[in-house]
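S.K.: Spelled out from the first residue to the last, the chains are:
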Amino acid sequence: MSAYLNTRVSLFADHLWRAEQFRTLMRASEAEIPNALSEGGLERLAGVVAGKDIHSLEQSIIAQLLDETLILLRPLTGPERAFLLYWTERFEVTNLKTLLRGKMTGERPAALLTRLTPMGTFGKLDAQDLAHAEDVTELLRRLETGHYAGIVRQARQAFEDSRDPFLLDAALDRGYYEGLARRAQELEKQHGPALRQLMGPLIDRINLVWLLRYRFNYKLPPAQVYYLLVSAHYGLSGSRLKELAALGSLEAVLAALPDGLKQSLEGAATIPEVFARMERAASGQAEKVLASSAPAIARAFAYLILRERDLRAVRAVLRGRYLHLPVDMISETLGQLSEEAY
Amino acid sequence: MFRAQPMTRATLWLLASEAPDAALLLARHGTFAPVDEKREEMPESPAERYREIFLEADSRLNKILEHCGGTMPPLPDDIVAPNLAELEELNAWLKTLWQTCSATSESEARIEEERKHLTALRETFARLKSLDLDISRLFRHDSLLDARLGQLPSGNVQRLKEALALAGYLLSVFDVHEGLAFAVVAGPRGGAEGMGGVLIQAGWRDLPVPTELQSHPEKVRKFLETETVRLEQSHAAHCQVISDNLARFGERIQHARLSMTLARPLAEASLNGVRGKGQLSVFTGWVPKDKLDDLQQGLDARFHGRYMLETRQPKAVEHNHVPSLLRYPAWLGPFVPLVKSYGIPRYGEFDPALIFAVTYLLLFGAMFGDVGHGGVILMLSVLLYRKLGRGAWLGISAGVVSMGFGLLYGSIFGYEDVLEPVWLSPLHDPIRILTVAILFGVGFIVFTLLANIYNKLNAGHVAEALFDSTGLAGLVFYLGATGSIMGLAGQADFGQLAWGTALLGIVTVAVFKWVETRATLGERALVTAIETLETGINLFANTLSFMRVAAFSLNHVALALAVFTIANGLGTAGHWLTIFLGNVIIIVLEGGIVAIQALRLMYYEGFSRFFSGDGTEFTPLRLAGTKEASIRV
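Residue numbers (the numbering used here), protein chains in the order written: chain C, 1 to 342; chain F, 1 to 633.
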């Protein structure tokens, strides 16, 4: 099974886009865009009116990722399968948040349903039923009897006590990523450091960016900021996060980071910049794992991370073109996703 | 029985205001399967809003029924479907009613939570009493300490403890009960701001503690009792609200249920099949040809000419999209799911259900021919009839056929010397049984090729029907090659004719592949060579596959012999116990394997050659609760 998955991942790895393909897409005429996408193995996206319907584009991107994940899942069983399946659930957590927000604003069920991402065989939410819930409380109660009960239960309590949508979102996100880290840690014991090399940058990025955002954008006190972070720790330990949460400025936080991270984020002046740099570093790490002889599950996960990065870059190009942004600006945006020059 | 019922494309034009009634009538008839047909002159989807309101109302009604219960009233014949305005009004009423019910439901959930909370609190107070601590001093508002007593999910304790430390607060757990931790949080008074919303985030709930805990245990008891009574009163009040609602709105709820049943057809049809413009609506769909007159009479009776019905036969290019209505006699019913698990016959395609039933039973009987074992299968199927339902007929027929072949083979519970074989004993003449199996295979494959030619011709693919490897050319090659091989084996003498026929067939296939392949010269030559070679290999590999029929019939005897050999080496009790267990193993294990092998032969050597199975089942609009079998024979 592992040999099959490895071969499958290696075949998929050829689908990852090269800088040249992005350059072609950026410079292609309107009529050439579908062809450029098809040649890059993205026939599904070529079918969408390029860049003009952001929702369809987003749905097509997720559908593409789900299709590929489905193929990678075929030879997997046990915790490895559970881990990759859980990785796809973040799209459904987004659906869940859309449903909650829709209920908060009293959106019509029919309109709300069109905004959800179709999850196909991965779907665990009964969207029809949930969209017809009368209000947030009823929706949360219904969710508590379903697949996402674990994530939702505490979020409901927090929301009922505070009625703060921010706390609801934060609790859902934290619940999801803690579940991911828990599943990953189970596999890390089995499959050595490769998976850890992928999870580390991911969880560290989430923790650091959330810390900065909660602390300096939302002005939350250190105690609450620390509580809202993912409790799994990789490069940033619990004690380090506590220290960072207590600091008073972005510069002070960046200066107090462990050496490796501090160097890579030196000079970063904004939270989006911190995010972009850390994401780029995570992509670099994923590329290394994909090119290595790491266990098949780690290579599969690395591929999915990189594939998602590519698809987001394609979306950025299409959106940029639709908004008639200069090629240089689109190019600069893409540069934030990968170290490769576009 | 050998193909789907002829269909007619029907387009029904009528006033938009009568669309709900038209949908209701179509659903009552249960013979109209809507399809989406984009029409430039009818660009609107007039029933979309209707569907939207229906779904909202339906969701609310279901929740109300879950909450209040109720039964479905009978459906009068002359009742009409609600129009959009009526449906909107109903939806608004259901919304108001559900809001009342929902509040009750939510309160019930809270009461249940509070009950749990109170039970936990009772335990906690019992523990607190045993502490040598004056809690009333701890919670004094004028102290320098900001202390609070509360509960939180025990999984959040460690994280909260670490977070509170950042705000200068301490958390101390003094009890854990069913996943809930009871704790005291304390810090400097005035420092609560530093905690922000962390307590809420951690699921913390303050406990209402009487401050006289330590000194007045009687008050605690009283407090708990009062709380319990309060909860029970709340619960009783909510029950009263529910029964009041039922008494007040019961009749209207049942009427709402009726209206929703009547509104459902248009809501379902709106997904596809209903288009419109202005005051005009059009329903497009498929109707079984023999039901068209009934439908027209129904339309006349209801709309008295205020409609227009256009009909036409399906075009050849549409065959892939025409739904298949398959009618079977009741006795064939149990075999149909096995065919459908492979696929639904496409409209116009040969329906293999009858052939499947006959061949499957023959193959099973030939591989598992034993009067005793067949009898056991028959008996078990009869005994389990209630549990298995119609599926038991599969077991009954397999048992009968197995018994029949048992008589032909002279085999009963593996004993070969009790019954005289009517035909032959496989073990005593294996070559003959192998030859018969292969000849059966040849016959079966010839049939599949003929069925494929029929299907291709029917679908308008004349070239494929005549020249492809699974068409007439493939059949000619197969018959020629089979005749040649039989000649070589000394079984028949067709002379040069057989070789010539085989050559003609394979050359025709090769030429067809060459013409059909669109590629460069080299690639074309390669594809032609490989696919032509594959034609021969496949046909013969599939034929040889039928040797397993003989192999399993031999295997059946061999297994019984193995059982007898073991049994003969034991004492009387051991002998009969081994015979019994051996027969059980043969029935369960070999019976199961043979059932699967027979299915495999049908699917892979048979269906894959001629049966696309990618048809769409005919699913007409129906009124909820009407039987699907009503249009079946």
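Please note: incorrect hints may appear among the correct ones.
Said to hold, decoys possible - Coverage of chain C stretches by chain F, computed from C-beta distances (three or more under 8 Å per stretch; other residues unrestricted):
id : region
1  : 14 to 24
2  : 189 to 201
Stated by the list, open to error - Listed next, with one range per pair, are the computed distances between beta-carbon atoms:
id : chain 1 : residue 1 : chain 2 : residue 2 : range
3  : C       : Gly-150   : F       : Ala-165   : 37 to 47 Å
4  : C       : Glu-43    : F       : Lys-315   : 27 to 37 Å
5  : C       : Leu-85    : F       : Glu-88    : 34 to 44 Å
6  : F       : Thr-619   : C       : Ala-149   : 46 to 56 Å
Think of the hints as simulated: they come from the structure by calculation, not from any bench.
Cβ coordinates follow ideal geometry from the N, Cα and C atoms, glycine included.
S.K.: Indicate, hint by hint, whether the structure satisfies it.
M.R.: So, going through the hints one by one against the coordinates:
Counting residues of the region 14 to 24 of chain C whose beta carbon lies closer than 8 Å to any beta carbon of chain F gives 0, which falls short of the minimum of three for the stated coverage. Taking a C-beta to C-beta cut-off of 8 Å, the region 189 to 201 of chain C contributes 0 residues in contact with chain F, too few for the three needed, and the coverage statement is violated. Roughly 26 Å separates the CB atoms of Gly-150 (chain C) and Ala-165 (chain F), a value that falls outside the hinted 37 to 47 Å. A hinted range of 27 to 37 Å holds for the C-beta pair Glu-43 (chain C) and Lys-315 (chain F), which are about 29 Å apart.
At about 42 Å, the beta-carbon gap between Leu-85 (chain C) and Glu-88 (chain F) stays in the expected band of 34 to 44 Å. Distance hint for Thr-619 (chain F) and Ala-149 (chain C): a CB-CB separation of about 34 Å, inconsistent with the stated range 46 to 56 Å.
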